[in-house]
Structures are given as structure tokens and as C-alpha cells.
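Enquirer: Go by the hints and put chain E onto chain U.
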Amino acid sequence: DTAVSQTPKYLVTQMGNDKSIKCEQNLGHDTMYWYKQDSKKFLKIMFSYNNKELIINETVPNRFSPKSPDKAHLNLHINSLELGDSAVYFCASTPSGRYEQYFGPGTRLTVT
Amino acid sequence: GQQLNQSPQSMFIQEGEDVSMNCTSSSIFNTWLWYKQDPGEGPVLLIALYKAGELTSNGRLTAQFGITRKDSFLNISASIPSDVGIYFCAGLGAGSYQLTFGKGTKLSVIP
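First to last, the protein sequences are chains U and E.
Residue numbering for the first sequence follows the numbering used here, beginning at 1 and increasing consecutively.
Residue numbering for the second sequence follows the numbering used here, beginning at 113 and increasing consecutively.
Bound conformation, chain E alone:
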């Protein structure tokens, strides 16, 4: 089946720093989604991307649909303590009807 490689697996940053994470695939994806999961909660949709090259923001979060359609990036600017959690990318591969999830990036913010 289709697989997504999400990196980094975990990261520790100082409050106020910017964060970047990405997701890559060996095959083409038609849709990219980014989720955040807080401890003890379900994943919450942050940003949805539908077109190659698309750049979409949600507050301090910005995500991009890579032009090759094989990757996506999520940036968080000026991190704050509540940004702590696990960030998942998810993609819908060409010809697929079910999302494939990355293994997540665990973000820790040091005050």
C-alpha cells in the first residue's frame, strides 16, 4: 500500500521559534491534510490542500502542497506552549479512496 514518510519523528524547540515538518511519498497524492493530536484527544484537522503548489494558512500555521505532488510541508511560526502535540500528515493517493497517514511528528515546546 501507499506509505508516507513524515519527518522529523520528534522535535524540541524553544518557545517563539519557527517549526517545519514535512511528509513525502514515492507516489503521487491528490490531497494532503494536516492534523494535530493533543494528548488524550482525537486528531483535529488543521489544513486541507487540494492543488499542487497550493499554499494555505491557518493562523500561525502554513502548509504547502508540493509541486511534484509527492510531498507536503507544515510550518508553525512563533511557537507557543499550546502547540505541543503530535502532528500528522495524511494524503489521498491517486486512484485511492482512503487516506494514508504519516507516523506523526511529536512537537515539544520549551517555555
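This is chain U alone, in the form it adopts within the complex:
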């Protein structure tokens, strides 16, 4: 009965590599998000996406790109990984007409 799931839970990779993190929600929500949580635990929104609109936080490098194969999935693809990309990445979703966001368990990305 998992609500918002992410894979992998942990991801260790080298600088310059390209990687993807997958997110799936079985809640029937319309909007999905990606957040980055740094070492100080600050949650920073990266993207929000529904079937109509992608909203990008202007501070997010274009090496990051969300890809949504369908309404229940929003994957995060990262090109040319850098050391500063090391963080925990959270996926979240929101039902239509509401503002409460439901978070996945997170993916801890470590770039070496």
C-alpha cells in the first residue's frame, strides 16, 4: 500500500556520470514535485509538474530534467553529476485542488 515510492534509496556515483531517480505515486494525485534536501536539512523545491504544466525553479541547473511517462510517475534525470549534487532528493505529490504534499522516502545521492 505504498503511497509515494522512490528508487533507488541510495545512489553512489562518480562525477560526470548521468543518473536517474524514479518516483511513483499510487494516490491518483495530479501534481508531483521534486525537492532537494541539503546537509542542513533545508528543503528546496526543484520542480512541480502536472499533466499540463512544468514549473521549474529558476535556480535549478539545466543538468536536471524531470521526465513524466504518465500521471503516476515523475522521474528525475541528472546529467554530468557534480560533487555539489550530493543530497537527499524527495519526490512528493498533491491531489487536485489541494495543497498538502505527500513525500516519498527519499533518495540519498552521493557523488564522489
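Honestly, the hints are just simulated from the structure, not real lab data.
Positions of the beta carbon are idealized from the N, C-alpha and C atoms, including for glycine.
Incorrect hints may appear among the rest.
What the hints assert, rightly or not - List of simulated lysine-lysine pairs, DSBU-like, C-alpha gap at most 30 Å: (1) U:Lys44 - U:Lys67; (2) U:Lys52 - E:Lys163; (3) U:Lys41 - E:Lys182; (4) E:Lys215 - U:Lys41; (5) U:Lys36 - E:Lys215; (6) E:Lys218 - U:Lys22; (7) E:Lys182 - U:Lys40; (8) E:Lys218 - E:Lys182; (9) E:Lys218 - U:Lys44; (10) U:Lys44 - E:Lys215; (11) U:Lys67 - U:Lys9; (12) U:Lys41 - E:Lys218; (13) U:Lys71 - U:Lys36; (14) U:Lys41 - U:Lys19; (15) U:Lys41 - E:Lys163; (16) U:Lys67 - E:Lys215; (17) U:Lys44 - E:Lys182; (18) U:Lys36 - E:Lys218; (19) E:Lys215 - U:Lys19; (20) U:Lys22 - E:Lys163.
What the hints assert, rightly or not - Which bits of chain U does chain E cover? Going by a derived footprint, with three or more residues having C-beta under 8 Å, they are: (21) 30-43; (22) 92-101.
Stated by the list, open to error - Quick list of simulated restraints, FRET-style, between CB atoms: (23) E:Leu167 - U:Leu27: 25 to 31 Å; (24) E:Lys163 - U:Val12: 42 to 48 Å; (25) E:Pro223 - U:Lys40: 22 to 28 Å; (26) U:Glu82 - E:Asn187: 37 to 43 Å; (27) E:Gly165 - U:Leu83: 45 to 51 Å; (28) U:His77 - E:Gly165: 40 to 46 Å; (29) U:Leu27 - E:Gly171: 19 to 25 Å; (30) E:Leu167 - U:Ala3: 26 to 32 Å.
Expert: Below, chain E alone, put in the same frame as chain U:
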């Protein structure tokens, strides 16, 4: 952009004590949410507030939407060890469509 000031940044309390934390903003918010994050997990929604002055409880937790619409408070009564974690406030500013998160309050409970 909109910013939320959450305080205290961290707190250490004895088991059984009550806890209070708050979130303030310089601008008006229409929605306040409180989340708890356990180590290694994602934030979990505790309470959602939608109206100024609203007071909502969830077990030992009580949250209030400030009447000025610029602040919110979370109280935890009779703390227990499993209350340990980071508590985040989040708000939806007037005219905004995305949540703004506070920087969190790290709660430690001493048995």
C-alpha cells in the same frame, strides 16, 4: 521569494514535557502545514490549517493558524522519545501556488 522563519532551530527537552515551536512570515499565508521528518525518511504530514485562527489537533499535537495569517504554532504535549525528529512548517503564500518550507526545528527528547 517568500521566506518562513522557524524557531527554535533545535531544542532538547525531558520526556513528558510540553513543546512549542513556531513559524513566522513577513507576508500573508493562506495555508499552513506541519510535517515531521524521522531520520532517513521523508517528511510526513501532521496537521493542515486553512483558516486564520483555526486550531487543529492530531493526538498530542496541536497547531494553530495565527489570526494575522503571518504565523503558525505547533505544540506537542507530554513528549515521548518517538517525538524525536525534525519538524517543518510549510506555508502557501497569498497568490502563490507552491509551498514554502521553514528550515525545521530539530527536537531531541531526553528519556
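Enquirer: Hints first: check each against the structure and report whether it holds.
Expert: Each hint, compared with the structure:
1. A distance of roughly 19 Å separates the Cα atoms of U:Lys44 and U:Lys67; the hinted pair therefore holds under the 30 Å criterion.
2. This hinted pair checks out: U:Lys52 and E:Lys163 have alpha carbons roughly 29 Å apart, not beyond 30 Å.
3. Of the pairs offered as hints, the one joining U:Lys41 and E:Lys182 holds, with about 23 Å between alpha carbons and a cut-off of 30 Å not exceeded.
4. In summary, the hint linking E:Lys215 to U:Lys41 is supported, as the alpha carbons are separated by about 7 Å, within the 30 Å threshold.
5. Distance restraint check for U:Lys36 and E:Lys215: the Cα-Cα separation of roughly 13 Å lies within the 30 Å cut-off, and the hinted pair is therefore satisfied.
6. Straight-line distance between C-alpha atoms of E:Lys218 and U:Lys22 comes to about 29 Å, which keeps the hinted pair within the 30 Å bound.
7. About 24 Å separates the Cα atoms of E:Lys182 and U:Lys40, which keeps this hinted pair within 30 Å; it holds.
8. At most 30 Å may separate the alpha-carbon atoms for a hinted pair to count; E:Lys218 and E:Lys182 meet this at roughly 22 Å.
9. For the proposed pair E:Lys218 and U:Lys44, the alpha carbon gap of about 18 Å is at most 30 Å, so the pair holds.
10. Among the hinted pairs, U:Lys44 with E:Lys215 is consistent with the structure: their alpha-carbon atoms are about 10 Å apart, no more than 30 Å.
11. Of the pairs offered as hints, the one joining U:Lys67 and U:Lys9 holds, with about 19 Å between alpha carbons and a cut-off of 30 Å not exceeded.
12. Restraint check for U:Lys41 and E:Lys218: satisfied, since their Cα atoms lie roughly 10 Å apart, inside the 30 Å limit.
13. Only pairs whose Cα atoms come within 30 Å are accepted, and U:Lys71 paired with U:Lys36 is accepted, the gap being roughly 21 Å.
14. Our distance criterion of 30 Å between C-alpha atoms is met by U:Lys41 and U:Lys19, whose separation comes to about 23 Å.
15. The suggested pairing of U:Lys41 with E:Lys163 holds, with an alpha-carbon distance near 28 Å, which does not exceed 30 Å.
16. Taken as a hint, the U:Lys67 and E:Lys215 pair is honoured in the structure, with Cα atoms around 28 Å apart against an allowance of 30 Å.
17. Annotation: proposed proximity of U:Lys44 to E:Lys182 holds, straight-line Cα distance about 21 Å (limit 30 Å).
18. For the hint linking U:Lys36 to E:Lys218, the alpha-carbon distance of about 18 Å falls within 30 Å, and the restraint holds.
19. For the given pair, E:Lys215 sits about 28 Å from U:Lys19 by alpha-carbon distance, which is consistent with the 30 Å threshold.
20. Distance hint between U:Lys22 and E:Lys163 is unfulfilled; the C-alpha atoms sit about 35 Å from each other, more than 30 Å.
21. Note: the stretch 30-43 of chain U has 4 residues with beta-carbon separation from chain E under 8 Å; the three-residue rule is met and the coverage holds.
22. Coverage of the stretch 92-101 of chain U by chain E holds in this model, with 4 residues showing a Cβ closer than 8 Å to a Cβ of that chain against a need of three.
23. Take E:Leu167 and U:Leu27: their Cβ atoms lie about 28 Å apart, and the range 25 to 31 Å holds.
24. E:Lys163 and U:Val12 have their C-beta atoms about 46 Å apart, which keeps the hinted 42 to 48 Å range intact.
25. For the pair E:Pro223 and U:Lys40, the supplied restraint of 22 to 28 Å holds, since their beta-carbon distance comes to about 27 Å.
26. For U:Glu82 and E:Asn187, the Cβ-Cβ distance of about 42 Å falls inside the hinted range of 37 to 43 Å, so the restraint holds.
27. At roughly 47 Å, the beta carbons of E:Gly165 and U:Leu83 sit within the given window of 45 to 51 Å.
28. With their beta carbons about 44 Å apart, U:His77 and E:Gly165 fall inside the hinted range of 40 to 46 Å.
29. Between U:Leu27 and E:Gly171 the beta carbons are some 23 Å apart, a value that agrees with the proposed interval 19 to 25 Å.
30. Between E:Leu167 and U:Ala3 the beta carbons are some 27 Å apart, a value that agrees with the proposed interval 26 to 32 Å.
When each numbered hint is compared with the structure, a violation occurs for hint 20 only.
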